[in-house]
Amino acid sequence: MMIIRSSDQVPRTTLLKRFPVPRNLGVGPESRIGRGKTWPALAGAVRVKAFEIYRYDPDSDDNPRLDTFEVDLDDCGPMVLDALIWIKNKVDPTLTFRRSCREGICGSCAMTMDGTNWLACTRFISDMAAPATVYPLANMRIIKDLVPDLTHVFAQYAMIEPWLQTRTPEPERERPQSPEERSRLDGYYECILCFCCTSGCPSHWWNGDRFLGPAALLQAYRWLADSRDEATGERLDILEDPFRLYRCHTILNCTRTCPKGLNPGKAIAEIKKMVLERRT
Amino acid sequence: MMPTSPAKRPRPLSPNIQIYRPQLTSVLSIANRISGVVLSLGAVVLVIWLLAAAAGPEAYAVVQGALASWLGQVVLFGCTFAFFLHLCGGIRHLVWDMGYGYELSLIYASGWAVVAGSVALTVLAWIASLLLGD
Ligand code: HEM
Ligand code: SF4
Ligand code: SF4
Ligand code: FES
Numbered sequence: 315m316m317i318i319r320s321s322d323q324v325p326r327t328t329l330l331k332r333f334p335v336p337r338n339l340g341v342g343p344e345s346r347i348g349r350g351k352t353w354p355a356l357a358g359a360v361r362v363k364a365f366e367i368y369r370y371d372p373d374s375d376d377n378p379r380l381d382t383f384e385v386d387l388d389d390c391g392p393m394v395l396d397a398l399i400w401i402k403n404k405v406d407p408t409l410t411f412r413r414s415c416r417e418g419i420c421g422s423c424a425m426t427m428d429g430t431n432w433l434a435c436t437r438f439i440s441d442m443a444a445p446a447t448v449y450p451l452a453n454m455r456i457i458k459d460l461v462p463d464l465t466h467v468f469a470q471y472a473m474i475e476p477w478l479q480t481r482t483p484e485p486e487r488e489r490p491q492s493p494e495e496r497s498r499l500d501g502y503y504e505c506i507l508c509f510c511c512t513s514g515c516p517s518h519w520w521n522g523d524r525f526l527g528p529a530a531l532l533q534a535y536r537w538l539a540d541s542r543d544e545a546t547g548e549r550l551d552i553l554e555d556p557f558r559l560y561r562c563h564t565i566l567n568c569t570r571t572c573p574k575g576l577n578p579g580k581a582i583a584e585i586k587k588m589v590l591e592r593r594t
Numbered sequence: 004m005m006p007t008s009p010a011k012r013p014r015p016l017s018p019n020i021q022i023y024r025p026q027l028t029s030v031l032s033i034a035n036r037i038s039g040v041v042l043s044l045g046a047v048v049l050v051i052w053l054l055a056a057a058a059g060p061e062a063y064a065v066v067q068g069a070l071a072s073w074l075g076q077v078v079l080f081g082c083t084f085a086f087f088l089h090l091c092g093g094i095r096h097l098v099w100d101m102g103y104g105y106e107l108s109l110i111y112a113s114g115w116a117v118v119a120g121s122v123a124l125t126v127l128a129w130i131a132s133l134l135l136g137d
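Those protein sequences? They're chains A and B, same order as listed.
Note that this note's numbering has the first sequence beginning at 315, numbered continuously upward.
Note that this note's numbering has the second sequence beginning at 4, numbered continuously upward.
Note that these hints are calculated values from the structure, not bench results.
Where is the CB? At the ideal position from N, CA and C, for every residue including glycine.
Please note that a few of the clues may not be correct.
Claimed, not checked - Short derived list, chain B residues pointing at chain A, Cβ under 10 Å:
#: 1; residue: 12
#: 2; residue: 14
#: 3; residue: 20
#: 4; residue: 23
#: 5; residue: 25
#: 6; residue: 28
#: 7; residue: 35
#: 8; residue: 100
#: 9; residue: 108
#: 10; residue: 125
Unchecked claim - Distance ranges between label pairs, derived from CB positions:
#: 11; chain 1: A; residue 1: 362; chain 2: B; residue 2: 40; range: 46 to 52 Å
#: 12; chain 1: A; residue 1: 366; chain 2: B; residue 2: 44; range: 37 to 43 Å
#: 13; chain 1: A; residue 1: 375; chain 2: B; residue 2: 108; range: 48 to 54 Å
#: 14; chain 1: B; residue 1: 108; chain 2: A; residue 2: 563; range: 17 to 23 Å
Based on the sequences and whatever the hints tell you, model everything.
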C-alpha cells in the first residue's frame, strides 16, 4: 500500500497519526478542545466500537470537547454516517451533523475522519481506526458539533463567477458543444462542492483568507474549459493574483482526499498554464 | 465568519494541522521547504569555507578542522541529504509545473522515487567522497 492509486484507499500502515506539533499550536482560546463525556455501550451490545466525536454547543459557554460514544455495530448500518445517525437516535439526540443523500452525491456530510477528509456516508466503519475519530471539516468555523460554517468558502466559490458567460448574441437555439468539447469537462463537472479538498489543503489553512483553495479553483477551471464560455480573459484576470491562485504550492492533499476522485491539483496546474500562455 | 451578535464569542475553528494525517503529499512538501531552508544555511557555510580558503592557510585549517570534526561531518551529511532531497523534489515540482504527473498513482510513485533517490544519491556521494578523498 505504498502507492495510492485512488483517493478511496484508506491508509493501512501508519508511521505518524498526526504531525508532531503541540496540540494547541496556533489555536485560539475559543478553539481549544476539552475532554468530554463517555457514553458507554447500551446493555446487551456485543460488537462495540468507540467513536471519539467533536462536540460544540453554541448555546453554552463551554469550549469544544471530544465525546466518546460506544456504538453497537450489530444495531447499526455499515457507514460512519450510519453510526452518527445511530448515536442521534439511540444515545444523544443533540448530536448535530449535515446529511441528505446518504450516497455521496450531495456533499453535505463531509468531515475529517481518522485525520483525513471524506464523506461520512461513503466511509466504511470497518475502515476506521479504533477508536474512530470524527471531527468537523478541518479549518472551518464551527456552528455546532459537526456542522461547519461554509460562508467563506462559498463566497470564494462565488468569486470565480460559476456560470456560463457569453458575449456573442443569443443564438436561436442552444449553444452546441461537440462530444469532444463536452469531454473536456469530464473530471471537473462532477465536483459536489463538499470542500473536502479545500479543508485538507495546508495552504488554505495558512492563507485561506486570500487563497481561493482547490474547490473554487477546480470550478474556475471547469468554466475556463467550457467551449461555450466566452469570458476566458476576465476569468484569468480574476485568478491571476499572488494569493488567489499562486498560494497553491502543489502539495496535492486535495487530489489525495477528493471523495469523487477528481483532481483539483491538475486543474490548478492547467489554470497556471493558461495564465502563462496568454502572457507569451 | 463572525457571529451575528457582537456580544457572543467567536465560533471555534476546527483543528487542522493538529489532527490532519501526515501523508506523502504534505510530508514531502514540508520536507522540500525545510531542505530549501537548510540549503540556504548551508550556502552560508560554503561562503565561510571559501572566505577562509581565500584568507590563507591558517584560517582554512580552522574551518577544515571544524568541518572534519564529528559535528561538522553530521552537518555536512545533513546538507548533502537536504541537497539531493531538494534537487529531486525540485525536479518533481518542475515536471508538475509543466502539467505532467498528476494522477494519484504517479504522485505517489514520484514521491517515493524522491525519497529513495535522495537517500541513494546521498549515500553514493559519501561513498565517492570517502573513496576519492584523503
Ligand atoms: C543549493 C541551492 C538551493 C537553495 C538554497 C534552494 C532554496 C530554496 C528555498 C528556500 C525554497 C522555498 C521553499 C518553499 O517555498 O517551500 C525553494 C523552492 C524550490 N526549489 Fe530550491 N533551492 C536550491 C536548489 C534548487 C534546485 C537545484 C532545484 C531544481 C532541481 C530547486 C527547485 C526548487 C523548486 C521547484 C522550488 C519551489 C517549490 C514549491 O513550489 O513549493 N531548488 N528552494
Ligand atoms: S495542490 Fe494546491 S490546492 Fe491542492 S492541497 Fe496543494 S496547495 Fe492546496
Ligand atoms: S473537488 Fe472533490 S473534494 Fe473538492 S469540493 Fe469538489 S468533490 Fe469535493
Ligand atoms: S449525505 Fe450526501 S454526500 Fe454524504
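- Does the CB of residue 28/B sit less than 10 Å away from some CB of chain A? holds, 4 Å
- Given residue 100/B was flagged as interface, is its beta-carbon under 10 Å from a beta-carbon of chain A? Holds, about 7 Å.
- Is the shortest C-beta separation between residue 125/B and chain A less than 10 Å? violated, 20 Å
- Item | Status of the residue 20/B interface restraint (C-beta, 10 Å, chain A) | OK, holds: residue 20/B within 10 Å of chain A, min 6 Å.
- Message: Hint residue 25/B vs chain A: min CB-CB distance below 10 Å?
- Response: holds, 5 Å
- Does the CB of residue 12/B sit less than 10 Å away from some CB of chain A? At about 5 Å, which falls below the 10 Å cut-off, the nearest Cβ of chain A leaves the hint on residue 12/B intact, so it holds.
- Restraint satisfaction for residue 14/B [CB to CB of chain A, less than 10 Å]: holds, 4 Å
- Message: Given the hint of 37 to 43 Å, is the C-beta distance from residue 366/A to residue 44/B inside that range or not?
- Response: holds, 41 Å
- Item | chain A contact restraint for residue 108/B - C-beta distance below 10 Å | holds, 4 Å
- Message: Next item in the hint list is residue 35/B. Is there a CB on chain A closer than 10 Å to its CB?
- Response: Status holds, d = 9 Å.
- Within 48 to 54 Å or not, the Cβ separation of residue 375/A and residue 108/B? With Cβ atoms ~49 Å apart, the hint holds.
- Given the range 46 to 52 Å, decide if the beta-carbon distance of residue 362/A to residue 40/B lies inside it. holds, 47 Å
Hint 10 from the list above is the single one not met by this structure.
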